[in-house]
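Chains as they are written, first to last, in numbering that gives the first Met the number 0: chain A, 0 to 274; chain B, 0 to 306.
Since the hints were made in silico from the structure, they are not lab data. One or more hints might be untrue.
27 Å max Cα-Cα, derived DSS-like pairs, lysine-lysine [claimed, not checked]:
| no. | chain 1 | residue 1 | chain 2 | residue 2 |
| --- | --- | --- | --- | --- |
| 1 | A | K15 | B | K1 |
| 2 | B | K141 | B | K1 |
| 3 | A | K15 | B | K34 |
| 4 | B | K218 | B | K60 |
| 5 | B | K282 | B | K21 |
| 6 | B | K185 | B | K175 |
| 7 | A | K178 | B | K21 |
| 8 | B | K141 | A | K15 |
| 9 | B | K6 | A | K272 |
| 10 | B | K98 | A | K17 |
| 11 | B | K20 | B | K60 |
| 12 | A | K178 | B | K141 |
| 13 | B | K175 | B | K121 |
| 14 | B | K60 | A | K178 |
| 15 | B | K218 | B | K185 |
| 16 | B | K218 | A | K272 |
| 17 | B | K185 | A | K272 |
| 18 | B | K60 | B | K121 |
| 19 | B | K213 | A | K272 |
| 20 | A | K272 | B | K280 |
| 21 | B | K292 | B | K6 |
| 22 | B | K98 | A | K15 |
| 23 | A | K178 | B | K20 |
| 24 | B | K20 | A | K272 |
| 25 | B | K185 | A | K178 |
| 26 | B | K138 | B | K34 |
| 27 | A | K216 | A | K203 |
| 28 | A | K272 | B | K60 |
| 29 | B | K98 | B | K63 |
| 30 | B | K21 | A | K17 |
| 31 | B | K304 | B | K282 |
| 32 | A | K144 | A | K15 |
| 33 | B | K292 | B | K218 |
| 34 | A | K272 | B | K63 |
| 35 | B | K273 | B | K250 |
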Amino acid sequence: MALFGLILNTIHESMKRKMFILFFGFSTLILILFLFVLNVDIIDKGIGTIKLIAYNDASVDLVQLVRTSQAVVAAVLFVFGILVSTLATASIIPGFQMPGYIDLVLSKPVSRPVIILGKYFGAVIIVGINVFYLVGGVWLILSAKTGIWNFGFLASGGTILVTYAIIMAVMTFLGIFTKSTVLSILIAYVFLNFMSFILVTLVKVPNVFRLLSPFWKKAATALYHFFPKLFELFAMTGILVKGDSVPDWSVLWTSVIFGVVFLGFSMLLFSRKDY
Amino acid sequence: MKIIEAKSISKTYLCGIFSRKKVQALKSVSLNVNKGEIFGLLGPNGAGKTTFVKILLGIVKAGKGEASLFDVPVSSSASRIRVGYLSENHRYPSFMTAKSLLHFMGRLSGIEKSLRTQRIGKLLKDVGLADVLDMEVGKFSKGMLQRLGVAQALLSDPDLIVLDEPTGGVDPVGRKEIRDILLNLKSQGKTMFLNSHLLSEVEMICDRVAILNKGKLLKVGSVRDLTRHTQEYRIELRDPLNNYKEVLGSKAETLDSDNRCFRIHIGKIDELDKIIDELRKMKIGIDAVIPEKSSLEDMFIETLKGN
Chain A
0 MALFGLILNT IHESMKRKMF ILFFGFSTLI LILFLFVLNV DIIDKGIGTI KLIAYNDASV
60 DLVQLVRTSQ AVVAAVLFVF GILVSTLATA SIIPGFQMPG YIDLVLSKPV SRPVIILGKY
120 FGAVIIVGIN VFYLVGGVWL ILSAKTGIWN FGFLASGGTI LVTYAIIMAV MTFLGIFTKS
180 TVLSILIAYV FLNFMSFILV TLVKVPNVFR LLSPFWKKAA TALYHFFPKL FELFAMTGIL
240 VKGDSVPDWS VLWTSVIFGV VFLGFSMLLF SRKDY
Chain B
0 MKIIEAKSIS KTYLCGIFSR KKVQALKSVS LNVNKGEIFG LLGPNGAGKT TFVKILLGIV
60 KAGKGEASLF DVPVSSSASR IRVGYLSENH RYPSFMTAKS LLHFMGRLSG IEKSLRTQRI
120 GKLLKDVGLA DVLDMEVGKF SKGMLQRLGV AQALLSDPDL IVLDEPTGGV DPVGRKEIRD
180 ILLNLKSQGK TMFLNSHLLS EVEMICDRVA ILNKGKLLKV GSVRDLTRHT QEYRIELRDP
240 LNNYKEVLGS KAETLDSDNR CFRIHIGKID ELDKIIDELR KMKIGIDAVI PEKSSLEDMF
300 IETLKGN
């Protein structure tokens, strides 16, 4: 019951934030666009006419059109959706430790790891609701209009949510450690993206990797495996939407392990901290 | 039965850059609170009162020593099942309403929804917030927040209520209402642990008090014992006694202009008997013999000065 209460409280808190209201409004606008503005006529399982605002072209391949639309939505959601979600939820953990409030929460018969899990999952659930509202809505509208049911697009919602969950795990740790919203965003979002970009460039671009000394090759490879691979998760999202097979699932699970480890550290740190 | 048991609790905070500065907040504090008692912890600012309370509630970890609530070590969250707490300067997220805050706190305490709803309604009525249950707490006055704090502390119908400055920032009327709530809880057999700067208030409601200064426990005892000066008595006579120094002793002092009321200082209780016998021999009527009490504030200041 305590865990449920904490999750509910975090969702309630998030719903009062303007950023989430904007996110929700933006998602609704896109859904309205796909619902009323995009008109597709299907003739003999092929495209008859397609009309999106002023665009009118009957020669477009229907499958390609659906997947491209979904890929654009997934890419926008991956970049801006995660950014907005990160900004909107960054203050949840530092704010929760407000003197005079945290004391009351800690005085309740709830273990500290449960408190952190409640706050963490509350944030992930509210972002999940927003992501799947948009992804699920677009998927349903496009699928119903075209008859093409691309489940890869739904799965892309999963990678977006997992990426956010990894960032949130780091923000949770930093929020407990520094009690600073700004530092949490800077390190969790900016630093992780920066490291991901640098490491993937060093390790996955052969011409760059060749230039490194043996020591730096080992160091870069170790760091590459340690840090979450946000850039490759972005690429994986695109692959899932296209319906292609994912070449390397370790990108996902090593990133998830990083998130789980940080969440574990967060619980440990919170359990030992004096307030 | 001991509700609170603390044995040799010490706590040192590490402050400053790289945690190099050490501040000892508590030095081997041992304290027990029995069932049904109202216990007051007194001390100047920075004495370690709040640290002690926070250790009891698991908010701060003790450096050394052991503490338990209801015989359950404070390191276990189970020790707080029967505890209600109101912290000093308590604050709430401004987006919450009185009702949503109490539901949240109730869920954390594991109270079932139907019971929670029932209790919230009653408590908000008791503390005079029934009309504003859907108002965001960000719009509450200091007094309203204090009443809400009391309500959340009592929500789980706790057997032990720990209050840190419960009447801080509350006007005299509100203070009396909170005091009445506490006395009502006492009549229900609840145990209370109170941190307060308002010594007159503590004197009014506490059974026992302890004085803490610079992390050290200086005195523990009942309010009656700590405030009673056994060597001083006030004697009120029906007739004037002009040669009072001869009868009542050289240290006696008159308290009125017609020599009927005196304060006497005695070494042993036998001396008081002798004085009374002497007054009777002189056929002087005695209206009252009252042991002189100092206020808790006097005792508190004396104790701190002595330390």
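Results of checking the hints against the structure:
1. K15(A) <-> K1(B): violated, 45 Å
2. K141(B) <-> K1(B): violated, 34 Å
3. K15(A) <-> K34(B): Roughly 43 Å separates the two Cα atoms, so the pair is violated.
4. K218(B) <-> K60(B): holds, 24 Å
5. K282(B) <-> K21(B): Given that 27 Å is the threshold and the Cα spacing comes to 68 Å, the pair is violated.
6. K185(B) <-> K175(B): Measuring from Cα to Cα gives roughly 15 Å; hence the hint holds.
7. K178(A) <-> K21(B): OK: K178(A) and K21(B) at ~22 Å, within 27 Å.
8. K141(B) <-> K15(A): With Cα atoms ~23 Å apart, K141(B) and K15(A) stay inside 27 Å; holds.
9. K6(B) <-> K272(A): Roughly 22 Å between the alpha carbons, so the hint for K6(B) and K272(A) holds.
10. K98(B) <-> K17(A): At roughly 23 Å apart (the allowed maximum being 27 Å), K17(A) and K98(B) satisfy the hint.
11. K20(B) <-> K60(B): Satisfied, since the Cα-Cα distance of roughly 18 Å is no more than 27 Å.
12. K178(A) <-> K141(B): holds, 26 Å
13. K175(B) <-> K121(B): holds, 19 Å
14. K60(B) <-> K178(A): Given that 27 Å is the threshold and the Cα spacing comes to 19 Å, the pair holds.
15. K218(B) <-> K185(B): Holds. K218(B) to K185(B) sits at ~23 Å (cutoff 27 Å).
16. K218(B) <-> K272(A): violated, 31 Å
17. K185(B) <-> K272(A): Distance of about 34 Å is beyond 27 Å: violated.
18. K60(B) <-> K121(B): With a Cα-Cα distance of about 35 Å, the restraint between K60(B) and K121(B) is violated, given a limit of 27 Å.
19. K213(B) <-> K272(A): holds, 23 Å
20. K272(A) <-> K280(B): Violated, at roughly 72 Å.
21. K292(B) <-> K6(B): violated, 32 Å
22. K98(B) <-> K15(A): holds, 16 Å
23. K178(A) <-> K20(B): holds, 21 Å
24. K20(B) <-> K272(A): Given pair K20(B), K272(A) holds - Cα atoms ~18 Å apart, limit 27 Å.
25. K185(B) <-> K178(A): violated, 39 Å
26. K138(B) <-> K34(B): violated, 38 Å
27. K216(A) <-> K203(A): holds, 11 Å
28. K272(A) <-> K60(B): holds, 8 Å
29. K98(B) <-> K63(B): With a Cα-Cα distance of about 40 Å, the restraint between K98(B) and K63(B) is violated, given a limit of 27 Å.
30. K21(B) <-> K17(A): With Cα atoms ~43 Å apart, K21(B) and K17(A) exceed 27 Å; violated.
31. K304(B) <-> K282(B): violated, 44 Å
32. K144(A) <-> K15(A): Violated, at roughly 34 Å.
33. K292(B) <-> K218(B): Holds. K292(B) to K218(B) sits at ~17 Å (cutoff 27 Å).
34. K272(A) <-> K63(B): Roughly 16 Å between the alpha carbons, so the hint for K272(A) and K63(B) holds.
35. K273(B) <-> K250(B): holds, 15 Å
The structure fails to meet hints 1, 2, 3, 5, 16, 17, 18, 20, 21, 25, 26, 29, 30, 31, 32 from the earlier list, while all remaining hints are met.
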